[in-house]
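Just need the whole structure built from these sequences, with the hints factored in.
As you go down the protein sequences, you meet chains A and B in turn. Numbering follows the working numbering, in which position 5 of the first sequence is assigned residue number 5; successive positions increment by one, without gaps. Numbering follows the working numbering, in which position 475 of the second sequence is assigned residue number 475; successive positions increment by one, without gaps.
In short, the hints are calculated from the structure, not lab data. As the structure is a computational prediction, the values presented were derived from the model and not from experiment. Among these hints, one or two may not hold up.
Said to hold, decoys possible - Derived pair list, reagent style EDC-like, types lysine to aspartate or glutamate, alpha-carbon separation capped at 20 angstroms:
| hint | chain 1 | residue 1 | chain 2 | residue 2 |
| --- | --- | --- | --- | --- |
| 1 | A | K62 | B | D282 |
| 2 | A | K179 | A | E25 |
| 3 | A | K115 | B | E314 |
| 4 | A | K61 | B | E224 |
| 5 | A | K115 | B | D548 |
| 6 | A | K62 | B | D283 |
| 7 | B | K329 | A | D89 |
| 8 | B | K520 | A | D145 |
| 9 | B | K274 | B | E314 |
| 10 | B | K151 | B | E224 |
| 11 | B | K519 | A | D145 |
| 12 | A | K123 | B | E336 |
| 13 | A | K169 | A | D145 |
| 14 | B | K299 | B | D283 |
| 15 | A | K62 | B | E170 |
| 16 | A | K61 | B | E336 |
| 17 | B | K41 | B | D173 |
| 18 | B | K124 | B | D282 |
| 19 | A | K115 | B | E336 |
| 20 | A | K61 | B | E248 |
| 21 | A | K177 | A | E166 |
| 22 | B | K39 | B | D548 |
| 23 | A | K170 | A | E142 |
| 24 | A | K123 | B | D335 |
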Amino acid sequence: MNENGMIESVVLAGVGGQGILLASEILAKAAMIAGNDVKTNEVHGMAQRGGSVLAQIRYGKKVYSPLVARGTARVLCALEQIEALRYSDYLAPGGLVVVNSQTITPVTVSMGAAKYPQDVETKLRSVFPRLIYFDASQKAVEVGDLRAANVILLGALSTGLDLPPEVWKKAIEESVKPKFREMNLKAFDIGRSCA
Amino acid sequence: MQILSGNEAFARGAYEAGVTVACGYPGTPSTEILENAVKFKPAIYCEWSPNEKVAFEVAAAAACAGARAIVTMKHVGLNVAADPLMTLSYLGVEGGFVAIVADDPGMHSSQNEQDTRNYARFAKIPLLEPSDSQEAKDFLKLGIEISEKYKTPVIVRTTTRVSHSRSIVELADRVENTRQIALEKNPPRWVPVPQWARVMRRNVEDRLGKLRADACSSSANRIEWRDKTLGIVTASIAYQYVREVWPEASVLKLGFSYPYPDDLIRQFVAGVKKVLVVEELDDFLEEHIKALGIACVGKQFVPNIGELSVTTLEASRARMEGREIPAEKPAPFVDELPGRPPVLCPGCPHRGVFAALGKHEVIVTGDIGCYSLGAFKPLNRLDIILCMGGGISMAHGLDKAGDHRTVVGIVGDSTFFHSGVTGLMDIAYNRGCSKIIVVDNRTTAMTGHQDHPGTGQTLMGEPTVALSIEDFGRACGFKRVRTINPYKVKETLDILNEELSVREPSLIVSRGPCPLHEKKKVGPIRRIDQELCKACRACVRIGCPAIDGAQKKPFINAFLCNGCSLCQQMCAFGAISAVEEKP
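This is the structure we're talking about:
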């Protein structure tokens, strides 16, 4: 794109409270440990209250914009399935999409003002040729904590980026409290095996 | 090296610069600056002040006495602090003084998108504009340096994307301030009565001239020579986008952008064929460059509404070069997706008040806080919002204008202390009869739970007096002061009925702590008995995210329910009950 070479861009989408900020932090640290310049951006404020949340991570030799431009994300990961459709225009052609098959009913649907789409998996498969679609929340419960779904998804999306697994693991160790380290490292491996 | 957000970097910069006093009032996207600065206690004394004006004055006095001080706020907060700003420019300071003011282009969580750079020109003081976290830290320190060199307050202007983006920052050690802290007894220096203020006024102009020369040679301003066909003048986050959209162009990157570095601007434009100004929001640079007699383009191609991005600037570039802008294809299925608007959280104490108000034909003036969400469906119980504290005074205005309906004003606890209390005085003093409800959730919730004068704790973590809103009401001349528990629907309704029926002012304090802040459930979680449920959807109409009403008969999401029991009290068929806790 410019004289600074290839920039990798990743978009994480979900709903407030799903652990997107931690996932973004781990990804950014992994990129830095691997020797990259890195920038991230997350939406704060009103988005925390049940709104859809977007985190953007960019790394490479020299990163200018902290925001991912439309059509340039190498990886799009959604912690709730329809959020992948909401942000599909960020994805670069040929990019990898990782989706948690979870449904979180928006309040607009509860109110009866809108409908949750039918056949989400079919729609996802029609839009995204490179799709990893699985129930990360269920896997997280199996690991011992529902909140580990974000790290399971990181494991899956790590297969679409050029950062080696040991760099990811170091980033996880630096980002989570000691008592959750082992569980999160296990979660990452499980995610990687789901890819 | 660390990955820091812009706001974390500002706090780190304050620490490294030897700042000892940091004040502010919470406001997105500025809040995390003080939350991170307090991690450096006791080196930095930090406080949440009741409002931005007070915060500004506290920090200003510290700097007048020789301490290094910062004050933080969002853009609209500087309107509140504009009075001390304008005259601190005259008084000047001894220790470094930086006001970090965070703009919100695109209004991610604000009621307007004013451009703070205008305030620097208005107050005739220097303006610094960082474009990433490293510069956030460096420019905070530079601001302290400039402030001490010229004895002037300095504005460091940030934006949502600078404050909330993270990037790699190199850390340095703290440099202590060696001044003795004591306000010099010298009234002509510190007292702006007309005869002395006129002298100060001249000094302000002299100072601007010297600062202009300094801006031209400042390390914060630099020319990056590349291809000379197009030269772009830019600042703040816009610089980052410019480097991606016009990688070949020469750039004048301004970090110390006011007083305008005229000579540097002239030097740059002399070296390029065509000049483009790329800046977010107002044409703050462009207008001045044109006034210098320099031909340039800017806002005719670059939007002045909302925030910029690589995508918007690619469109600007296409327009400039006379190319077609590719039509934006909507993402597939995106029209079918249900929105996720922000809503009051499960168990939010505000919900009970709005639900009770829904039973009355009243007009409601609202304010800035979580309860602003009461304007949306399905609550629909909020009719107008202007600004912090406005919920109280606007109720009085509608009342005096003769709106035939009963007027109810709603403000939060933090907002009440911020600027609501003066409106309360007005109602009692000027014989109004508005009903004011303070929704007291014991914290500044919207910005992420900060303390305030009513919480009994300081930002430094010390216990302190907790001011009583009820006592304020009585002291302001309100004879009717009531306290309600918003989780008790019947009681709330009864008290509301009583207060709405009298022709005199009334203060109702609705007290229920924010369950998110308390980190515990209000009560046992609830469930809906699908046999007893008649699908009347009364529970769905309170707009709780824990109640899933997608099917005909709603159910309660046990993960989300905070056990407030509001839905249970709405149910006429006894279908909702508490789930017994496992022993």
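To see whether the hints hold, each was checked on the structure:
With a CA separation close to 29 angstroms, the supplied pair K62/A and D282/B exceeds the 20 angstroms bound. A threshold of 20 angstroms between alpha carbons decides the hint, and for K179/A with E25/A the separation of about 18 angstroms falls inside it, so the pair holds. The hinted pair formed by K115/A and E314/B fails the criterion: a straight-line CA distance of about 35 angstroms is larger than 20 angstroms. For the hint pairing K61/A with E224/B, the CA-to-CA distance comes to about 19 angstroms; that is within 20 angstroms, so the pair holds.
A distance of roughly 12 angstroms separates the Cα atoms of K115/A and D548/B; the hinted pair therefore holds under the 20 angstroms criterion. Restraint check for K62/A and D283/B: not satisfied, since their Cα atoms lie roughly 29 angstroms apart, outside the 20 angstroms limit. The suggested pairing of K329/B with D89/A holds, with an alpha-carbon distance near 9 angstroms, which does not exceed 20 angstroms. Note on K520/B and D145/A: the hinted pairing holds, with a Cα-Cα distance of about 19 angstroms set against a maximum of 20 angstroms.
The straight-line distance between the Cα atoms of K274/B and E314/B is roughly 18 angstroms, inside the 20 angstroms bound, and the hint therefore holds. Proximity of K151/B to E224/B is assessed by CA-CA distance (about 31 angstroms); at most 20 angstroms being required, the pair is judged violated. For the given pair, K519/B sits about 18 angstroms from D145/A by alpha-carbon distance, which is consistent with the 20 angstroms threshold. Only pairs whose Cα atoms come within 20 angstroms are accepted, and K123/A paired with E336/B is accepted, the gap being roughly 11 angstroms.
Only pairs whose Cα atoms come within 20 angstroms are accepted, and K169/A paired with D145/A is accepted, the gap being roughly 18 angstroms. In summary, the hint linking K299/B to D283/B is supported, as the alpha carbons are separated by about 7 angstroms, within the 20 angstroms threshold. In summary, the hint linking K62/A to E170/B is supported, as the alpha carbons are separated by about 16 angstroms, within the 20 angstroms threshold. For the hint pairing K61/A with E336/B, the CA-to-CA distance comes to about 39 angstroms; that exceeds 20 angstroms, so the pair is violated.
Proposed proximity of K41/B and D173/B is supported: the alpha carbons are some 15 angstroms apart, at most 20 angstroms. Distance check on the hinted pair: K124/B and D282/B sit about 18 angstroms apart at the alpha-carbon level, within 20 angstroms; holds. Pair hint K115/A plus E336/B holds up; C-alpha atoms about 8 angstroms apart against a cutoff of 20 angstroms. Our distance criterion of 20 angstroms between C-alpha atoms is met by K61/A and E248/B, whose separation comes to about 18 angstroms.
Between K177/A and E166/A, the direct Cα distance comes to roughly 18 angstroms. Compliance with the 20 angstroms bound is thereby established for this hinted pair. Under the criterion of a C-alpha separation no larger than 20 angstroms, the hint pairing K39/B with D548/B is inconsistent with the structure, at around 41 angstroms. A threshold of 20 angstroms between alpha carbons decides the hint, and for K170/A with E142/A the separation of about 23 angstroms lies outside it, so the pair is violated. For the hint linking K123/A to D335/B, the alpha-carbon distance of about 13 angstroms falls within 20 angstroms, and the restraint holds.
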